[in-house]
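Protein chains: 2
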Amino acid sequence: MDGILIVMSGFSGAGKGTLLHRLLNDYDDFAFSVSMTTRSPREGEVDGKDYFFVTKEKFEETIKNGLLYEHATYCDNYYGTPREYVDSKLKEGKSVILDIEVQGAMQIKEKFPDTLLVFVTPPSIAELKRRLEKRGTESAETIAKRITRAKEESKWIDRYEYIVINDDLDTAVKEMHDIVLAQRFQTKRCGTFIKEIQNELLSF
Amino acid sequence: MDGILIVMSGFSGAGKGTLLHRLLNDYDDFAFSVSMTTRSPREGEVDGKDYFFVTKEKFEETIKNGLLYEHATYCDNYYGTPREYVDSKLKEGKSVILDIEVQGAMQIKEKFPDTLLVFVTPPSIAELKRRLEKRGTESAETIAKRITRAKEESKWIDRYEYIVINDDLDTAVKEMHDIVLAQRFQTKRCGTFIKEIQNELLSF
Numbered sequence: 125m126d127g128i129l130i131v132m133s134g135f136s137g138a139g140k141g142t143l144l145h146r147l148l149n150d151y152d153d154f155a156f157s158v159s160m161t162t163r164s165p166r167e168g169e170v171d172g173k174d175y176f177f178v179t180k181e182k183f184e185e186t187i188k189n190g191l192l193y194e195h196a197t198y199c200d201n202y203y204g205t206p207r208e209y210v211d212s213k214l215k216e217g218k219s220v221i222l223d224i225e226v227q228g229a230m231q232i233k234e235k236f237p238d239t240l241l242v243f244v245t246p247p248s249i250a251e252l253k254r255r256l257e258k259r260g261t262e263s264a265e266t267i268a269k270r271i272t273r274a275k276e277e278s279k280w281i282d283r284y285e286y287i288v289i290n291d292d293l294d295t296a297v298k299e300m301h302d303i304v305l306a307q308r309f310q311t312k313r314c315g316t317f318i319k320e321i322q323n324e325l326l327s328f
Numbered sequence: 125m126d127g128i129l130i131v132m133s134g135f136s137g138a139g140k141g142t143l144l145h146r147l148l149n150d151y152d153d154f155a156f157s158v159s160m161t162t163r164s165p166r167e168g169e170v171d172g173k174d175y176f177f178v179t180k181e182k183f184e185e186t187i188k189n190g191l192l193y194e195h196a197t198y199c200d201n202y203y204g205t206p207r208e209y210v211d212s213k214l215k216e217g218k219s220v221i222l223d224i225e226v227q228g229a230m231q232i233k234e235k236f237p238d239t240l241l242v243f244v245t246p247p248s249i250a251e252l253k254r255r256l257e258k259r260g261t262e263s264a265e266t267i268a269k270r271i272t273r274a275k276e277e278s279k280w281i282d283r284y285e286y287i288v289i290n291d292d293l294d295t296a297v298k299e300m301h302d303i304v305l306a307q308r309f310q311t312k313r314c315g316t317f318i319k320e321i322q323n324e325l326l327s328f
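So the sequences go chain by chain: A and B. Residues in the first sequence are numbered from 125 upward in steps of one, following my numbering. Residues in the second sequence are numbered from 125 upward in steps of one, following my numbering.
Hints listed in this document are in silico derivations from the structure and should not be mistaken for laboratory results. A virtual CB, placed ideally from N, CA and C, is assigned to each residue, including glycine. Treat each hint with caution, since some may be false.
What the hints assert, rightly or not - Here chain A is said to cover these stretches of chain B; the calculated rule only asks that three of the stretch's residues, wherever they fall, bring their Cβ under 8 Å from a Cβ of chain A:
(1) 222-228
(2) 246-252
(3) 299-306
(4) 314-324
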């Protein structure tokens, strides 16, 4: 059975990055997605492992040919998710989690309705603020900006299918895994088996 | 958090009864549903444990007052699922599984959209036939009837949200449990938490 394409969104400070790394580390049935970018490789970065490094022309051609799940511009560089790489992992039966903000998530879901949308949130906004302040690297202004953004993002939570409350990391990792496991038994993902059973019954 | 109301259907011979007993036995987070009936108690049967034994008048009053999840007539006796009992279990946080045929399942889903519909099937119809024959208690005619019924039921599988293939019982029990666990994280079941987060954000 093919793996499941999962789009994970959530407030900045919800711990999405850590959650993703733990899932990839703890479970064999998940695979990384390698992004494509036009920015230059930093020292030690390996093409095809950290990113697929391409020229601006190549990236724009890839967009034009519909070969990206989504893309965005950041600091004058393109970043995107190549479909070919992700699809090959899905075909191997691995589930692939993309960490994408709300608007991109909605676009992917519209084009690929089988995508699983999961929203990651801290147990409360007070806790989110505490986490952002604890980092010690962000000004009060930046934190205020993040909270304003969270306010906007929170309007979209209902559009996600699942919510993972990242209070205790171990619990959140397990919950995320449980959610993905259960998807395999959705009738909409078992079409081939259902057809087989129905056809077999026709022969009786 | 409230438990989840689960309606389980499936072909006769799929092993629903065994699956249900194992779930109730292996996991604390499930509860039995006690049916109401107008038939007389058999020796050893306890009112409120095996069934709620009531008169025909009492049963019809219960129907009229909308206090049953579903009901059916079998051999001139009524059988039904009392809402009060099931709801009290759900409030305790226990999930309740009802073993109900396709038409009843559709009726419950229409009235209570949060009901989880799970279809249980053997790995193939050949295997279903083998199991029915192995029982040794059923005539070729009865088996043929069950297969004809399965043909009818199989048209409804797509209306179920999940499918559990009961090949190895231990695996099926675990899959069923995984499915129910994951439901708790559906955004549609986390409305209170989502509202809290949204309200908290408004205060920033």
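* Asked: Does the region 246-252 of chain B contain three or more residues whose Cβ lies closer than 8 Å to a Cβ of chain A?
  -> Contact hint for the region 246-252 of chain B vs chain A: holds, 3 residues under 8 Å.
* 8 Å C-beta criterion, at least three residues: is the region 222-228 of chain B covered by chain A -> violated (count 0)
* Asked: Three or more residues of the region 314-324 of chain B near chain A by CB distance under 8 Å?
  -> Since three or more residues must qualify, the claim that chain A covers the region 314-324 of chain B holds, with 7 doing so at under 8 Å.
* **Proximity test - 8 Å, beta-carbon atoms, the region 299-306 of chain B to chain A, at least three hits** => With 5 residues close enough to chain A, the hint holds.
The structure shown violates just one earlier hint, number 1.
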